[in-house]
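For the record, the sequence lines run as chains A and B.
Numbering of the first sequence is given in the working numbering, commencing with residue 1 and proceeding in unit increments.
Numbering of the second sequence is given in the working numbering, commencing with residue 114 and proceeding in unit increments.
Please note that a few of the clues may not be correct.
[Claimed, not checked] With the Cβ distance kept under 10 Å, some of the chain A side facing chain B (calculated, not the full set):
hint, residue
1, V4
2, P39
3, G42
4, P95
5, G105
[Stated by the list, open to error] In silico SDA-like links for lysine to any residue, alpha-carbon gap of 20 Å or less:
hint, chain 1, residue 1, chain 2, residue 2
6, B, K214, A, E72
7, A, K57, B, S211
8, A, K3, B, S155
9, B, K214, A, S67
10, B, K214, A, V99
11, A, K3, B, Q152
12, A, K3, A, E30
Calculated directly from the structure, the hints in this document are not laboratory data.
Note that the structure is predicted; figures quoted are calculated from it, not measured.
Idealized CB from N, CA, C, for every residue including glycine.
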Amino acid sequence: DVKVTQSSRYLVKRTGEKVFLECVQDMDHENMFWYRQDPGLGLRLIYFSYDVKMKEKGDIPEGYSVSREKKERFSLILESASTNQTSMYLCASSPGTGVPEQYFGPGTRLTVT
Amino acid sequence: AQTVTQSQPEMSVQEAETVTLSCTYDTSESDYYLFWYKQPPSRQMILVIRQEAYKQQNATENRFSVNFQKAAKSFSLKISDSQLGDAAMYFCAYRRTSYDKVIFGPGTSLSVIP
Chain A
1 DVKVTQSSRY
11 LVKRTGEKVF
21 LECVQDMDHE
31 NMFWYRQDPG
41 LGLRLIYFSY
51 DVKMKEKGDI
61 PEGYSVSREK
71 KERFSLILES
81 ASTNQTSMYL
91 CASSPGTGVP
101 EQYFGPGTRL
111 TVT
Chain B
114 AQTVTQSQPE
124 MSVQEAETVT
134 LSCTYDTSES
144 DYYLFWYKQP
154 PSRQMILVIR
164 QEAYKQQNAT
174 ENRFSVNFQK
184 AAKSFSLKIS
194 DSQLGDAAMY
204 FCAYRRTSYD
214 KVIFGPGTSL
224 SVIP
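Let the sequences and hints guide you as you build the complete structure.
Structure (structure tokens):
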């Protein structure tokens, strides 16, 4: 079974802090994704990566950056957390070649106070 | 740009009955993938079913089946013999290729009444 893990289920941070959210997958997947999920808005793509050290902006990249130094790990960085970044963050991975479905992590509920 | 619409924010169904969740999408592509994902309360999102646009036959996975109408750009999910464990948020999603980003709809919250 594919396993996608996220470093924290719940996180509380203060405004202005630098926040790191980590995601690890164990199936050698090419693609990795970061989404934020808010009620009524569904999943919105922040960034995705289709290979190591490659990244592309999604629909809402402002205020976020990412890092993918190793194939299995994809980090989301909030440079200076703000209250409007309070949300559920979901990481996903997908194999890439010919297999289009995504596998999701359990999510991190981030609260910025 | 591709979009995915789910017009039913909330739905409910009696246990053992059948329910259909609606999804429409917009694309100019002829080949693509469509998905239904399920997110139970406080649990991980999982794939329910996948449909390749080039296949005319509707996908089926046990009690879950789809009605894929390519010309109408419609992709509905039918859940038969509903069970309490089917209660969840259901997301319809579109992906052009296995390397592209995925476009999600806003979701439908399904309640199952005992």
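Hints, one by one, checked against the model:
{"no.": "1", "hint": "V4", "result": "holds, 8 Å"}
{"no.": "2", "hint": "P39", "result": "holds, 9 Å"}
{"no.": "3", "hint": "G42", "result": "holds, 4 Å"}
{"no.": "4", "hint": "P95", "result": "holds, 7 Å"}
{"no.": "5", "hint": "G105", "result": "holds, 7 Å"}
{"no.": "6", "hint": "B:K214 with A:E72", "result": "holds, 18 Å"}
{"no.": "7", "hint": "A:K57 with B:S211", "result": "holds, 17 Å"}
{"no.": "8", "hint": "A:K3 with B:S155", "result": "holds, 17 Å"}
{"no.": "9", "hint": "B:K214 with A:S67", "result": "holds, 18 Å"}
{"no.": "10", "hint": "B:K214 with A:V99", "result": "holds, 13 Å"}
{"no.": "11", "hint": "A:K3 with B:Q152", "result": "holds, 16 Å"}
{"no.": "12", "hint": "A:K3 with A:E30", "result": "holds, 14 Å"}
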